[in-house]
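Listed below are the residues making up each chain.
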Amino acid sequence: MNPAEVARLLGRILPTVQKPGRYTGGELNQTVKDWSAVDTRVALAFPDIYDLGMSNLGLAILYDILNHEADVLAERVYLPWNDMEAAMRRAELPLYSLESKHPVADFDILGISLPYESLYTNTLNLLDLAGIPLYQKSRTKEHPLVVAGGHAALNPEPMAAFIDAFVIGEGEEVILEIVRTYNKWKAREKPRETLLQALAQIWGVYVPSLYEAHYLEDGTLSHIEALTEKAPIPVLKRIVPKLPPPLTRFIVPFIDVTHNRVPIEIMRGCTRGCRFCQAGMITRPVRQRSVEEILNAVEKALAQTGFEEVGLLSLSSSDYEPILDLVRVINERFAGRHLNVSLPSLRIETFSAELMESLKDSSRRSGFTLAPEAATERMREIINKPVSTEQLLETAREIFSRGWHTIKLYFMIGHPSETIEDVQAIVDLCKAVLKEGRRIIGKRAQVNAGVSTFVPKPHTPFQWVPVDATDQIEAKQALLKRELRGPGLKLNWNNPEETLLEAWLSRGDRRMGKVIFRAWQLGAKFDAWQEHFRYDLWLQAFDDAGLNFYFYTQRERPIDETFPWDHIDAAVKKQFLTEDYLWSLEGRTRLDCRERCFACGILPKYADLRRKYPGETWECPEVRSPRSRSHAKTHLATPA
Amino acid sequence: MEATAYRYRLTFCKEEPLRFTGHLDIHRAWERTFRRAGLPLAYSQGFNPRPRINIGSALPLGYTSSAELLDFWLEEEVETKTIAKALIHAQAPGLHVREVLRLETKQPALQTQIQYAAYLVHLDDPPPIAEIQAAINALMDAVTLPRERRGKSYDLRPLIETLQAKQSDGTIQLEMTLRAREGATGRPGEVLRAMNIDPTFARIQRTSLIIAPHKVN
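Those protein sequence lines, which keep their order, are chains R and C. Under the numbering used here, think of the first position of the first sequence as 35, with each following residue one higher. Under the numbering used here, think of the first position of the second sequence as 75, with each following residue one higher.
Incorrect hints may appear among the rest.
[To be verified] Partial list, derived from the structure: chain C residues whose beta carbon lies under 8 Å from chain R:
| hint | residue |
| --- | --- |
| 1 | R106 |
| 2 | T107 |
| 3 | A141 |
| 4 | D145 |
| 5 | A166 |
Simulated from the structure, these hints should not be mistaken for lab results. Where a beta carbon is used, it is the ideal one built from N, C-alpha and C, also for glycine.
This is chain R alone, in the form it adopts within the complex (with noise of 0.2 Å):
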């Protein structure tokens, strides 16, 4: 089908869709090439409908990189929501890329962004929208390379039967060096085999296919086979040594999106190191960028956009060394524009508070957000995130005092060893805030309290926990359910079929992709909407396929077994995370580790890169003797 099919079939079909602004294009600031001028086209899909996927930064990033290349144009795509897609497939309409209307399987490289698991019946049904075979060995070279990235990607092997390749890490360098790759192999019109087998010489970048995974009798893993020489094992993660200029050329949509705003990242990493939290481990090293700079992509962003919201975003905005000088200065040079700064994950400390006031900001009408993640300090310890109560509550009241009438708490219940007392305590610490916001604003004063329940992830301190059985969870559900109700207080929590869900995929190996094939069969998609997550499809989907979830979720792991995700390197070292893990047992903490570096392992995998990038480029230490080179050489030659 030629794009000008598919824009007429559009016009037949929009007027009978919600929202038909999702399934256009045409905003400000879109790309559009000639189609006939470039060698290399590229679609960028989000796996979700046009509204989240417009946030994702990582893709956004991706398409000005892409369309800075003379060659090469980007194009995006997205789901479309139910009843699109009901239209769409009735009047045999593919999926299209929304600036030329092309259709998707026109595309020379389709490249997915995979942030979350929960998109994994989606990434399916949107190959399956395109007609594209949805596994991977069923492509021919007609069929666009399938790429898929982000942070899902860190444990890739339950989607490995439908990817052609997953690149690993951080994709701003490493996106020019497959389409390099790919144009390579293209003039030279050899099988699909080369190209693959090419893309796996990039750093950064997996291909399943070119590895087997063997099991025991238990059914965990014994190891992954590589098929041959040329599929390195480990893989280790991609990285930029330092952080490129920001975006500022960002796409603005007509239609309301999740998130109406310029998004800044400010820093890259975290030094906090908290057990649970996989993007802390998996992002680092931290790098961060300079106040100057950063004011400069706001300024140059706003006027490119019009955006009435700059979000200035890290993992930990408290964290950001200069944090104090570029609220001020953003202060002095946007005052009087009607700008919104929102800056999210602030540490619980008096001094947030002080620093929101400063901004400004419109947030006192959203609440104030902590993430004390636990209620007591045994807990808090536990999974390394050691704050006082004492702390907790003087900042509570530092914020009710400041004006905001609303705090939000979120916390995680089913961490490890975690008791009924533990959650008791949620209870009692968030009664506890709102005596003291009675205290200081009245009535007026509102605690929600957010309780999602903890997933173990991969590559995290404790990837070998289970998940909560699920009468326990709903056992402190119900406790929360009943304590936390009432004038003043308000309670979010998750389904736990949904933590499940997110647990087994996950945590998932190669035999998973069955799961999720039968799932999307049986029906399954859109499973991060709640309403559309489907507990029943996926039960029958493992009955089908022959697997058990329980082993995938429920089953506490040994210190010694091999993981799916074993060679995938994301640059922290296994033996950290065991050591890291035995210490949670004990209740030990570790610090920030830019007071002392605790050689997690990323220094040694690239001290090469360090000493080309020193001082303040990396929140680590200095890699500096040149023995300690030839040892860091020893260690990217051993598998971890």
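Go by the hints and put chain C onto chain R.
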């Protein structure tokens, strides 16, 4: 109380790619255009200050327009030529600036000034012209045309001011002028239905919003 502000009126086009973009979204698109243009938009007072922009008449979804009206207030007086230039430079694709005028601040709200709206309807798959002409004559000769909209009955006839068909190069276009006052607004889709034409297969463009309380043609 509002601070001193200078009032202007913008005439703009809403083009094909935006025909499925709703009224509120167009409003926000203009807010952002003013921000990009660096023009000192005045804001409302109060707890939640909003930029002072006021679109005269919501355009139904699916329509294009060559003459939408938008009143806005600036904190400083700026020459209309300068404003137009800055807006044209910053305008979003599908929204085109046609004209910027300076207004007396004291004028009544734009919505209350609009009397009529004129539309041009392109029919994709038209019936023969004679049939259309007959339908027009029947409509215009009727004394009342009782219709129902959202469960409320109303008379369509007094809302139709003019209605004509034009044939050129094998295509047929309808031109109509309908009342566009608050509480008395004629909708082209309803007129088409009254003529037994399915509005889904028509492309409708608003060609003007008429402010002066005079009869057209």
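Verification of the supplied hints:
Taking 8 Å as the C-beta cut-off, the interface hint given for C:R106 holds, the closest approach to chain R being about 3 Å. Proximity of C:T107 to chain R holds as hinted, the smallest CB-CB distance being about 6 Å (cut-off 8 Å). Of the supplied interface hints, the one on C:A141 is violated, with its beta-carbon coming no nearer than about 20 Å to a beta-carbon of chain R, more than 8 Å. For C:D145, the interface hint is violated, since its Cβ never comes within 8 Å of a Cβ in chain R; the closest pair sits about 19 Å apart.
Taken as an interface hint, C:A166 checks out: its beta carbon lies about 5 Å from the nearest beta carbon of chain R, inside 8 Å.
Hint violations for this structure: numbers 3, 4, all remaining hints satisfied.
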